[in-house]
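J.: Quick note, the sequences are listed as chains X, Z, B and S, same order.
For the first sequence, the working numbering begins at 84 and goes up steadily by one.
For the second sequence, the working numbering begins at 84 and goes up steadily by one.
For the third sequence, the working numbering begins at 84 and goes up steadily by one.
For the fourth sequence, the working numbering begins at 84 and goes up steadily by one.
Hints are not guaranteed to be accurate.
Since the list can't tell identical chains apart, any single copy or any two copies may satisfy a pair.
[Unchecked claim] The calculated lysine-lysine pairs, modelled on DSS-like cross-linking and capped at a C-alpha distance of 25 Å, are: (1) K114 - K139; (2) K117 - K404; (3) K404 - K114; (4) K114 - K189; (5) K139 - K192; (6) K139 - K117; (7) K222 - K192; (8) K404 - K189; (9) K189 - K222.
Hints are computed from structural coordinates only; laboratory data are not their basis.
The residues making up each chain are set out below.
Number of protein chains: 4
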Amino acid sequence: MQLGMIGLGRMGGNIVRRLMRHGHSTVVYDKDAKAVAGLAADGAVGSATLEDFISKLERPRTAWVMLPAGHITETTINTIAGVMQDGDVIIDGGNTFWQDDVRRGKALKERGIHYVDVGTSGGVWGLDRGYCMMIGGEKQVVDRLDPIFAALAPGAGDIPRTEGREGRDPRIEQGYIHAGPVGAGHFVKMIHNGIEYGLMQAYAEGFDILKNANIEALPADHRYDLDLADIAEVWRRGSVIPSWLLDLTSTALADSPQLAEYSGFVEDSGEGRWTVNAAIDEAVPAEVLTAALYTRFRSRREHTFAEKILSAMRAGFGGHKEPKQPGAAKPKQ
Amino acid sequence: MQLGMIGLGRMGGNIVRRLMRHGHSTVVYDKDAKAVAGLAADGAVGSATLEDFISKLERPRTAWVMLPAGHITETTINTIAGVMQDGDVIIDGGNTFWQDDVRRGKALKERGIHYVDVGTSGGVWGLDRGYCMMIGGEKQVVDRLDPIFAALAPGAGDIPRTEGREGRDPRIEQGYIHAGPVGAGHFVKMIHNGIEYGLMQAYAEGFDILKNANIEALPADHRYDLDLADIAEVWRRGSVIPSWLLDLTSTALADSPQLAEYSGFVEDSGEGRWTVNAAIDEAVPAEVLTAALYTRFRSRREHTFAEKILSAMRAGFGGHKEPKQPGAAKPKQ
Amino acid sequence: MQLGMIGLGRMGGNIVRRLMRHGHSTVVYDKDAKAVAGLAADGAVGSATLEDFISKLERPRTAWVMLPAGHITETTINTIAGVMQDGDVIIDGGNTFWQDDVRRGKALKERGIHYVDVGTSGGVWGLDRGYCMMIGGEKQVVDRLDPIFAALAPGAGDIPRTEGREGRDPRIEQGYIHAGPVGAGHFVKMIHNGIEYGLMQAYAEGFDILKNANIEALPADHRYDLDLADIAEVWRRGSVIPSWLLDLTSTALADSPQLAEYSGFVEDSGEGRWTVNAAIDEAVPAEVLTAALYTRFRSRREHTFAEKILSAMRAGFGGHKEPKQPGAAKPKQ
Amino acid sequence: MQLGMIGLGRMGGNIVRRLMRHGHSTVVYDKDAKAVAGLAADGAVGSATLEDFISKLERPRTAWVMLPAGHITETTINTIAGVMQDGDVIIDGGNTFWQDDVRRGKALKERGIHYVDVGTSGGVWGLDRGYCMMIGGEKQVVDRLDPIFAALAPGAGDIPRTEGREGRDPRIEQGYIHAGPVGAGHFVKMIHNGIEYGLMQAYAEGFDILKNANIEALPADHRYDLDLADIAEVWRRGSVIPSWLLDLTSTALADSPQLAEYSGFVEDSGEGRWTVNAAIDEAVPAEVLTAALYTRFRSRREHTFAEKILSAMRAGFGGHKEPKQPGAAKPKQ
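Model the full assembly from the supplied sequences, consistent with the hints where possible.
T.: And the structure:
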């Protein structure tokens, strides 16, 4: 089956490679001609412009857009939609906000163009491991594209089967899901990332408490010097909390027990924020997912204005003078 | 009535002064002889040692200990208890952990010495405004000491009376409460401070959002340059959220709109921590009081180890490189 | 000065009454003819339809819309804008989302109609206490309407003046603020309500811990039966945490110590949610304001699906069977 | 090697069985004679009293106590310590609070008895999967007991090895760790459970948002009916968030999509609470681990007193009447 790919960054490029490994043909475009040439050397059909790209696709065309969410994705989709025809399909595989999918899907449908949103997880490991895909769109369109998704998915591999799933949609065990109509794919991917934030923060806090178990503010017989790398590793083996994120933590701590090379300024992508917005729209109390997001916000500031307000109040009612340097935690008396 | 005071810092000294203003006689001790001399000049009976102090008190003696909570309070109480007699009273007016009160009260009772714990609020303003007092101890002892508490309390003043309180304990409207047996005073004061943390943080976050309403990450027509000092002041007048803490905030912002002289490292005292511990012992979900405490913890660090763990995981699964400098928030796409 | 009011509910009706008390003339409309008749009896000019209402206003017209935020406000504004003329003013005094103000202000400006948004605090007490107002709009329009705002504002009263405010905008001390361009009024009011949620939750958690201080799960010598009504009252007097919200709490507890007549299902209005959304857009960590919102979400459910997921996991890894009835907290071992 | 086991519940019984499978000899005691008889039938040496139990152990004796943490563990250890001799070892494998270990370890050491604390994870699956063990105690004692731990540990199995661990303690990859001196085992296990709470809550909130994605309060084109069982399963395959907890969730949802048979009252054990206490003692902001604990607290109440306080305040300032029934979330306007 033929697929066109716009955007040959780490994700887009590897998706094309994995498709070709599975015998699919690809047409590729990127504003960076070198990226196009690189994939052409691997067997893809290169193209020099978006118009050229569209002209090289067989009808009904399938164009996968794999660009940073937002303005560039929006304008690219508008451009190719302008030259696409009835029955063609645009796939947005980026980190698009699901409500943008809904809006776009409606607008394109009026022009006979199908829209499919694919939330893709797997990161730098996807070329070999495959991509977990969460897909939104019309049933017959998603079904028609199945060979593409099947090739990109990780497959059942040696992951133990879950009991009680006999007779259910077999695509799930291959690692991809048609979650619902347009937008559902990115919606489910958004929640995936929201959960990811929460899981990461749970581990992070736990290791922070382990790390600080030897501070001087504690009574001498209540202090421990703990080997965090060993603890991360042992928890991978027979405990209740093994996970891929713990695997990564164990690797990182084995390599660098103090993690000194990490600045601690932690970025967030849109999904964590949108997850909280969705929780609020649904009136779901999402304390943990929200706290995980806020930790990242806080990590990127030297100080918040809120903290200065606190200091100002304390000076006001108690004459307290805050220290000018970060210091040992004030011990429990 | 006669009261002995050990510890002539800001709080202890002003309590003695306020008592003398109301015609009570005082005996004072501090390890700093100058502090003793200062109050002696104001009319107190000074003493040179703890033994001297005890010897100058009339029986049944009343000794108010106003020292930093913890070791020094503990040893001082043990010392004077060793020379006090049946029927004498020790008042701990410091920021003592209420479970220490319970333990001490029991031990002293076996020796016939009464123990009273007084949680005292009012800070630097108490000399003139009076002190809000939360008292724990045996009824007849607290009743006997009433002239002391009545003198220290702020009195009814011009604070509007609450409807429906006719016939209730008249001490409450004077600003002091016999909350219960030994420990109850510090328990109630602990919760007072826990609430204080939550209130402060609520205002602080609100002003932080106002402050950041003009950041570049926002769409141009969704940015506001707001005058925080004016907003704090206007909220004092007819809104739902006036409070003394807001008064202090308004004063601080009028004086220094950016609060640039505040470091933002915010200390915490034991009460905020103990409040959370109490919530946990009671299985009460105290999200806000706990979050307020954690904000202070976080404010005193350059970065947490938790944040480095997050960065390490992100590098592991996505090849993400975190920035080395704090920066503008990554905007919503 | 003349003002037209659409929407004669508790808020709109009392605003009209307060304006008339201050000598202003009013034209009023409500879909409920009785409400119109009631205010007409008090001296307002009644109107039978929106067209009638507009026709009775002198040019440049000033129409204050005081309706539930959302659809009804939107359609009403569209209707009157259709018959208003260059230079006329529409005031939205409801709980409108500030981004709707921005959108409307732009659309109306193209037609020469001015838009002013007024966040109004004061609730049922405003008729006599006055309303704290947060105003967004063009300077010359807000200035022209000053007599209206001055009449509605609480005035300086006997609230102590804040030091260091000499020479600043005198309107602030009267209880109203021109916060910025269109939308700024509702933005500031939104944050006011966000803070309100946080403050309320801080008190609420504190009283919850006090209330549960006598549960059986606690050691016998660590239990207290506390009088919450007395504690609320004593904190009003000389402590660090007096506020109007505490006044209300003290009144409520004096009247009903167990608060048994309250269901505990707590509603939220849009402002609390929008505050969190704003915090997220600005990347401000607003833990306390968010936790306060989530508590309300949770209060309205019998159980969350999240809790069932927890139970299902616990059954899965440990064979734990959750109880079918709510029960005493499992005590600390 | 010989091991004595006191407490033949699910955990203790299976530990004995696993040891015997690996060729170790065991002496067992339980107050329930049937439990003793059952294991005796499997090859263990039964005993009728604690004295009998001790008498059947070869010197230096090793007695593993596997009882509910708290009073019963304490008294049992005191009893057997009274008849044990210099060089004997007591292992506490239960969910003991690590500070109790420290206290006991000191007291026993004075009498020449060694104390080892073992935090054990693996639950009902441990007999076959093995137990992840976190061990605290003196080096030579833990080393001497190694055959026991090696038999109980899961072993390296087919879990992929972590890079960069060459030359490190080989026990870690077998699934057990000598974490440090007495108390360190339970300390690390405590944090393990604290993290577990956070991970569980992160998944739970995510599924809650997915579940409520179709509520009527949402705009019609922003609603999705999602298949949670399929989503849980697909995330096991190539996403960022696979884990054993997700495996369990997938199984539970496949079996019961609505989880209707779960009450939603979620218990907590001591470890989650102690984790938060430890965070506070170290001044580590542990927002997520704490929020996860508080969710469980809240789940066990019909309503909190805090919520009633909120309702009472709302009635006071706005005349709001809360509904008497739980209802649909009030939608965003």
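J.: Are the hints correct? Go through all of them and say.
T.: Outcome of the hint check:
1. K114 - K139: within (17 Å within a copy, 62 Å between copies)
2. K117 - K404: Between. Shortest inter-copy distance 23 Å satisfies the 25 Å Cα cut-off; intra-copy 59 Å does not.
3. K404 - K114: between (56 Å within a copy, 24 Å between copies)
4. K114 - K189: The answer is neither: 28 Å in one copy and 37 Å across copies each exceed 25 Å.
5. K139 - K192: within (23 Å within a copy, 48 Å between copies)
6. K139 - K117: Result: close within a single copy only, 19 Å intra versus 71 Å inter.
7. K222 - K192: within (14 Å within a copy, 45 Å between copies)
8. K404 - K189: Neither, since 59 Å and 37 Å both go past 25 Å.
9. K189 - K222: within (15 Å within a copy, 41 Å between copies)
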